[in-house]
Amino acid sequence: MPGNLQPLGPVKTDVRGATNALESLWDETHVESRAYTGNIVALTRSRSLPRVEEALATLGGRYAGRQIIGVMDGDETVDVTVSLVPQKGGYVERLVLDANEEQLQGAILPLLRPATVNHVWWATTERPGGALLAELAELADQIIANALSLDLGPLGPHCSLTDLGWARTSGWREALAQLFDPHEAAAALPALRQLTLRYAGDNDLPARLYAGWAATKLGWRDAEGVVIEADPASSRENGDLSFVRLSGDGAEFQLTSDQGNLVRSTSVYGSVRREAELYLPALSIGEGLAFVMAQPEQNENFVSALDFARRLP
Amino acid sequence: MTQTLANPLRSGMRRKRAPEPCTLVIFGATGDLTKRKLLPAVFGLWQDGQLGAGFSVLGVGRNPMSEEEFRTLVRQSLTTSKETDEIEGNNLEKFAAVAHYVGGEFGETGTYDAIGAKLREIQEARGAGDNALFYLSTPPSLFEVISQRLGDAGLASESDGWRRLIVEKPFGRDLASAVALNDALHDVWKEHQIYRIDHYLGKETVQNVLAIRFGNLIFEPIWNRSYVEHVQITAAEDLGMEGRGGYYEEAGVVRDMLQNHLMQLFTLVAMETPVAFDANAIRDEKVKVLRSTRPIPVERVSQVAVRGQYGPGTLYGERAKGYREEEKVAPDSSTPTFVAVKLEVDNWRWSGVPFFLRSGKRLPKKVTEIAVVFKRPPLGLFPGGTERNVLAFRIQPDEGVSLKFSSKTPGQENILREVVMDFRYDAFGAELESPYSRLLLDAMIGDATLFPREDEVQQAWELVSGILEAWSQPDANLPNYAAGTWGPDAADELLGPDRRWRHL
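Going down the list, the protein sequences come from chains A and B.
Residues 1205 to 1517 (this note's numbering) are what the first sequence spells out, left to right.
Residues 9 to 512 (this note's numbering) are what the second sequence spells out, left to right.
Think of the hints as simulated: they come from the structure by calculation, not from any bench.
One or more of the hints may lead you astray.
Label pairs and their calculated CB-CB ranges [said to hold, decoys possible]:
id: 1; chain 1: A; residue 1: V1472; chain 2: B; residue 2: D406; range: 48 to 54 Å
id: 2; chain 1: B; residue 1: H194; chain 2: A; residue 2: S1439; range: 55 to 61 Å
id: 3; chain 1: B; residue 1: G419; chain 2: A; residue 2: P1485; range: 45 to 51 Å
id: 4; chain 1: B; residue 1: G393; chain 2: A; residue 2: E1227; range: 42 to 48 Å
id: 5; chain 1: B; residue 1: H194; chain 2: A; residue 2: Y1240; range: 48 to 54 Å
id: 6; chain 1: A; residue 1: A1395; chain 2: B; residue 2: E77; range: 52 to 58 Å
id: 7; chain 1: A; residue 1: Y1240; chain 2: B; residue 2: I95; range: 30 to 36 Å
id: 8; chain 1: B; residue 1: L225; chain 2: A; residue 2: E1258; range: 38 to 44 Å
id: 9; chain 1: A; residue 1: E1227; chain 2: B; residue 2: G419; range: 39 to 45 Å
id: 10; chain 1: A; residue 1: Y1240; chain 2: B; residue 2: G39; range: 53 to 59 Å
Here a beta-carbon is modelled for each residue, glycine too, at the ideal position from N, C-alpha and C.
Produce the entire structure from the sequences given, and follow the hints as far as they go.
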């Protein structure tokens, strides 16, 4: 498969003509095989559309071969454009639909590729909710949204909830876990009672989920030892963690963001003092989507972290 | 699988496959395999964060070399190997900083004292624990002495952490030498510490054979003598000797491909469902297949095996030398460069279903494929007869799976035509990882599923012993196929009537 594929489209069409329009584009590619790996429906506003399109452009076809972007600013008329977006190894289908929420509901449902996994991404800063999201949730295998403010009823048994903020903490979770891989470091864990977190910008959601994860893993019943603070001096992206410290009773384990994507780790326990540097790049939105979409099933770690985060002051 | 269960932060984590902090000790650190394959594979794992902050590499070589000179070699290897992932930021320097070196003769005890001292130093500095993985990327003649010296120096002892040994192929050159090598290794190492590497098993599409067989219901019910007519396994190479004539004269295609790579593919296709997806359960089933395979004593070889050697020919529009004209090859050599063999598995599942395996040098293209060829429908309702369905696993290139079946062509008449439903791995939109990175990570984790066990290796040698013995005699008919063709005619005849090799 060539590595320098060119995008095909966008082609203006309507809901009924969208599938045929996509087929015409496929005919131009001379690609014989396609992977029907899933649908991702991104619900957004026109001001966020470029950011959403950019994120989806980096999402490999292994996660979703069809991307449907619903722009919820329009009116009764459903404007539809279709295109084939080049990805590593091939193309993914993209449909952009612009209409009001009610019209989008009747437009998106028939365009979902059948018999495969459906991911629904609430890709706007507004509080997630509404009839359109509720309808899509019935067909979804996974909802990706700000989980702490989600305004939906209980999700069905086949639908899981996740959050890009959770994905953004994945590297930091791995980094903290690594500090306790040596058995003697793990032995210090029961003595640790304080968790201090700092985050860049004003988005504390990832830090709250991170605190929930660490606290539940350590078996803490309450949030008494948890401190979450903004770090205005951090140059990392809004919401990224910049500092983690677990401490107590003569032991201290710390991760501090350094220049660029470096994180400096320090472990102090007993007679040991050890420092190391880790490469911990911030996840782009596309990488975050890939992380949560790789395993759309319910993640117990996330569920328990979310439950704890909801109880944080 | 060894897991740091004492670390609650690991539980339920997406990346379950994180090894404990450890040091990878590579014997033959300046060799070709290390530079082209091992270092890029380890770097990829390290850059991806899979090895953790406590990971280090310790190169061991005969050449005296400072640590800084070795780090320069590491940088050069990573920047020149085609297998290196894109290097992010300052990672080349950071990775070089975790690389260390010890120089010395592999037979001298002082070398091993220095290795022990360096491991302790790394442990202190990086919290690597006492875990070490020793990779023997050296000529096979050195396997025993390195193993023995490691034992003498107490470096195989698992008193404080784990110690493991990866042994490269060839694992012996016949049954007797493989048994002797196993015995020598077991003088020092327990079987659970020994990882015999066959990089074919690290390939995604080889593992996909198990995934497709045991992860889907629709294939297993027809995976037997009631539905399968025969199985073909092809591992074709377009290259000739490329300067390796000296090695090949000793090895030949039976040792180079049949005893290891082809036998591994064969066992994965023929094995029964394992009781669990773990190392011993899977290897138990693979061994059962080899034990069920009808022996090939010398007197049966001419009936079930075909040897070939390429003569001059043409390939890719260029003239290609014959094997005997290759560098370091005897002008009257009878070393086989092609093998086709018919294996018969005498068990309830496969009785009467032949498995045809073939491999050769200077064939028309580089391709590895497993094809399960099904029986024809019992009645031909349609004009023109019926064809056999084929489920094919393409191991390389264009990794994927295809299913061939018959479909009605459009029109008034019921004319059938063969069509192919094709799945390509690249449709996933992801680069396939190096088999070495998968296998190295598995060895660090302690997962031996993809490493052949002692009895498996010995059974495979036993199966090919008769062929080796019969073919040790000169053959006046060689060379018997032209470079750039699909091997000798006798390989076609081996299949018997109404069968043909897949057109690849």
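Here's how the hints hold up against the structure:
1. V1472/A with D406/B: 48 to 54 Å: holds (53 Å)
2. H194/B with S1439/A: 55 to 61 Å: holds (56 Å)
3. G419/B with P1485/A: 45 to 51 Å: violated (58 Å)
4. G393/B with E1227/A: 42 to 48 Å: 34 Å Cβ-Cβ, so the 42 to 48 Å window is violated.
5. H194/B with Y1240/A: 48 to 54 Å: holds (50 Å)
6. A1395/A with E77/B: 52 to 58 Å: Since the Cβ atoms of A1395/A and E77/B sit about 44 Å apart, the hinted range of 52 to 58 Å is violated.
7. Y1240/A with I95/B: 30 to 36 Å: holds (35 Å)
8. L225/B with E1258/A: 38 to 44 Å: holds (41 Å)
9. E1227/A with G419/B: 39 to 45 Å: violated (23 Å)
10. Y1240/A with G39/B: 53 to 59 Å: violated (45 Å)
Hint compliance for this structure: hints 3, 4, 6, 9, 10 are broken, all remaining hints hold.
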